[in-house]
Amino acid sequence: MRTSIENKPNPNKLLDWYDYNAREMPWRIGPKKRLSGVRPNPYHVWLSEIMLQQTTVASVKPYFTKFTTKWPTIFDLANAKDEEVMGAWAGLGYYARARNLLKCARLIAKEKSGKFPQAFDALLKLPGVGPYTASAIASIAYDIPETVVDGNVERVISRIFDVHTELPKAKKELSFLAKQLTPKIRSGDYAQAIMDLGATICKPKVPSCDICPWENHCDSRKAGTSKYLPRKVKKTKKQVRYGIAYFVERVDGAILTEIRQPNGLLGGMLSLPSSAWGDSFRDDPPIDGDWEIKDAIVKHTFTHFYLNLKVMHVTVELEQTPKRGQFLKPDEFDPNNLPTVMRKVWQSIKY
DNA sequence: GATCCGTGGCT
DNA sequence: TAGCCAAGGAT
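So for the first sequence, our numbering puts the first residue at 371; every next one is plus one.
Be a bit skeptical, because a hint or two may be false.
Claimed, not checked - No more than 30 Å apart at the CA atoms, straight line, and that leaves these computed lysine-lysine pairs for DSS-like:
{"#": "1", "residue 1": "K573", "residue 2": "K539"}
{"#": "2", "residue 1": "K485", "residue 2": "K549"}
{"#": "3", "residue 1": "K440", "residue 2": "K378"}
{"#": "4", "residue 1": "K669", "residue 2": "K602"}
{"#": "5", "residue 1": "K720", "residue 2": "K699"}
{"#": "6", "residue 1": "K378", "residue 2": "K575"}
{"#": "7", "residue 1": "K436", "residue 2": "K602"}
To be verified - Here are the computed distance ranges between Cβ atoms for each label pair:
{"#": "8", "residue 1": "Q488", "residue 2": "C579", "range": "31 to 39 Å"}
{"#": "9", "residue 1": "K495", "residue 2": "K378", "range": "52 to 60 Å"}
{"#": "10", "residue 1": "R409", "residue 2": "R652", "range": "28 to 36 Å"}
{"#": "11", "residue 1": "Q609", "residue 2": "I555", "range": "45 to 53 Å"}
{"#": "12", "residue 1": "K592", "residue 2": "E481", "range": "48 to 56 Å"}
{"#": "13", "residue 1": "K693", "residue 2": "Q423", "range": "30 to 38 Å"}
What the hints contain is simulated information worked out from the structure, not anything from laboratory work.
Glycine residues also receive a C-beta, built at the ideal position from the N, C-alpha and C atoms.
Please work from the sequences and hints to get the whole structure.
Right, dumping it as structure tokens:
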């Protein structure tokens, strides 16, 4: 790992590029507004950064708007019910983020008078906030010169310095190099600029090097290796798991649901009753009845496995009590509050 | 350090 | 299509 660098690209060139090419985002204060003295809302910065973890800007936009409309301040969010927030997050994925979002909001509201800390170390202690997000909040919300290192930055830096070490082993070196480039001025603009550069110019497959503000200071451009960087270890193939989802309708239209256990996969989310998921289909109905097996099998891809869900359907009488779960009446049940895999099950019955 | 944790889009 | 990728964090 190198400990010094030469032919360092100029941060001001990137900032100049950003002044004219900054993307518009609902949570972003662009370079012109910043220059005129407008400051970002730390609540908005934090909320957007949590949502953007491993998630595309396009996916986040409607959720950010929904959250800031329902809960305009961190106090509003802190006072919300768990099931409201989990339901509003449904479909965005990585549901531990939603659980930690609420923990953090309540902590900030009660113990910090609703104010986010500014220092990296203090931010890092917040639930759901790791090194990237702590740097992002410090730099973007408060213009403190911390260095953001996300997937975009790792790609940009590995190309600028032609680093061939495989990720994740290269993380330390890439962070070190990224820090050497970070200017002491315009920290918020710079953090967003280098990520914009990665997202719109220094793209994974086909980088647009000919219009890159750092073209003349890019080692991999010179070596012709850009498209092969960063190098990564190959991921193992996903296994297939099997399970059964149970769609129970009561004659009054109520639907049997259950809240999943608070941790792990889809933890804390509203769900349709389901068997455990494993190597084979294992029947575990949540209520007695004359079950109908649906033809279509719902398929879904998770982070580390594929799921094949057999769907069973039954209609039951008013007085029947389930072995587990809770009936929700039509005005209490919103399929949009289900995680995507269970929304697919619901759609397979209703459409 | 390795594993777990969603979902949608793109090639 | 099967794999890759996206403003990562917790354990």
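Here is what the structure says about each hint:
1. K573 - K539: Between K573 and K539 the Cα gap is close to 21 Å, so the pair holds against 30 Å.
2. K485 - K549: Holds: K485 and K549 sit about 27 Å apart, inside 30 Å.
3. K440 - K378: Given that 30 Å is the threshold and the Cα spacing comes to 46 Å, the pair is violated.
4. K669 - K602: holds (28 Å)
5. K720 - K699: holds (16 Å)
6. K378 - K575: holds (24 Å)
7. K436 - K602: violated (36 Å)
8. Q488 - C579: 31 to 39 Å: Given a distance of about 37 Å, which is inside 31 to 39 Å, the answer is holds.
9. K495 - K378: 52 to 60 Å: Hint violated: Cβ distance 33 Å, outside 52 to 60 Å.
10. R409 - R652: 28 to 36 Å: violated (55 Å)
11. Q609 - I555: 45 to 53 Å: Given range 45 to 53 Å: holds, Cβ gap about 50 Å.
12. K592 - E481: 48 to 56 Å: About 52 Å separates the Cβ atoms of K592 and E481, which means 48 to 56 Å holds.
13. K693 - Q423: 30 to 38 Å: 37 Å Cβ-Cβ, so the 30 to 38 Å window holds.
The earlier numbered hints that this structure contradicts are 3, 7, 9, 10.
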